[in-house]
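Engineer: Converting from the sequence shown to our numbering requires adding 40 to each position, the first position being numbered 1.
Just so you know, the hints here were simulated from the structure itself, not pulled from any lab data. All C-beta atoms in this analysis are idealised placements derived from N, C-alpha and C, irrespective of residue type, glycine included. Please note: incorrect hints may appear among the correct ones.
For each label pair, taking beta carbons as the anchor points, the in silico distance ranges come out as [stated by the list, open to error]:
1. Glu78 x Ala167: 27 to 33 Å
2. Glu122 x Glu78: 44 to 50 Å
3. Ile136 x Ala106: 17 to 23 Å
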Amino acid sequence: MRRARGSRNDALRSTVGAVCLAAATAALITACGESPLEPLEAVPEARLVTDDGYEITVTVTPARAARGDTVLISSRVVRVGETAGTAWLRTCELDIETARDFPDPSGTCFALGGERTLMPGDTVLEAQAGVVDWPRGEHPIRVRHMVQPSRWLEVTLAVE
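Model the full assembly from the supplied sequences, consistent with the hints where possible.
Structural biologist: Printed below as a string of C-alpha cells:
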C-alpha cells in the first residue's frame with residue numbers, strides 16, 4: 041500500500057510542479073511586456089466620406105510585408121455628391137507621412153497636382169510605391185491625396 045500512496049504523491053508533485061512552472065512563465069511574460077511572437081495587426085484600408093460629397097479610400101498592399109519588400113499605397117477619390125465639385129488633388133504621388141523613410145523606387149515626381157472639377161461618379165486614382173526598410177512592428181502611414189480641402193487618412197502596415 042505504501043507504494044501506491046508514493047506513486048500518488050509523486051504524481052501530485054509532478055502536477056503541482058507543472059502548474060507552478062506555467063504560472064511562473066506567465067508571470068515572467070507579463071512582467072517583461074509583450075511577447076515578441078504576438079501577432080501584428082494590419083489596417084490595410086481606410087475610408088472617409090466627407091460632408092462636401094467625396095469618398096476617399098486609401099489602401100496599402102500588401103497589408104503585411106517583410107523588410108526590403110516594395111509596398112503600394114493607393115488612393116481613390118470618388119465624387120459622391122449630386123452636383124459637380126472642385127478639389128485640389130495630388131498628381132503623380134501622394135503626400136505620405138511615416139516615422140521612417142519610405143523611398144519610392146521609381147524616382148521622384150515633381151508635379152504637385154492641381155484643381156480638378158469632378159462630376160458625380162467621377163473617380164481619380166493615385167498610387168505610390170515604396171521600399172520598406174523598417175523593423176518588425178505595426179507602422180502607421182498617413183496619406184493625403186486631396187489637398188484642398190485637406191483630408192488625411194491613416195493605414196497601418198504590419199512588418200513581420
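Engineer: Please go over all the hints and tell whether each is borne out by the structure.
Structural biologist: We went through each hint and held it up to the structure:
{"no.": "1", "hint": "Glu78 x Ala167: 27 to 33 Å", "result": "holds (31 Å)"}
{"no.": "2", "hint": "Glu122 x Glu78: 44 to 50 Å", "result": "holds (47 Å)"}
{"no.": "3", "hint": "Ile136 x Ala106: 17 to 23 Å", "result": "holds (20 Å)"}
Checked against the numbered hints given earlier, the structure satisfies every one of them.
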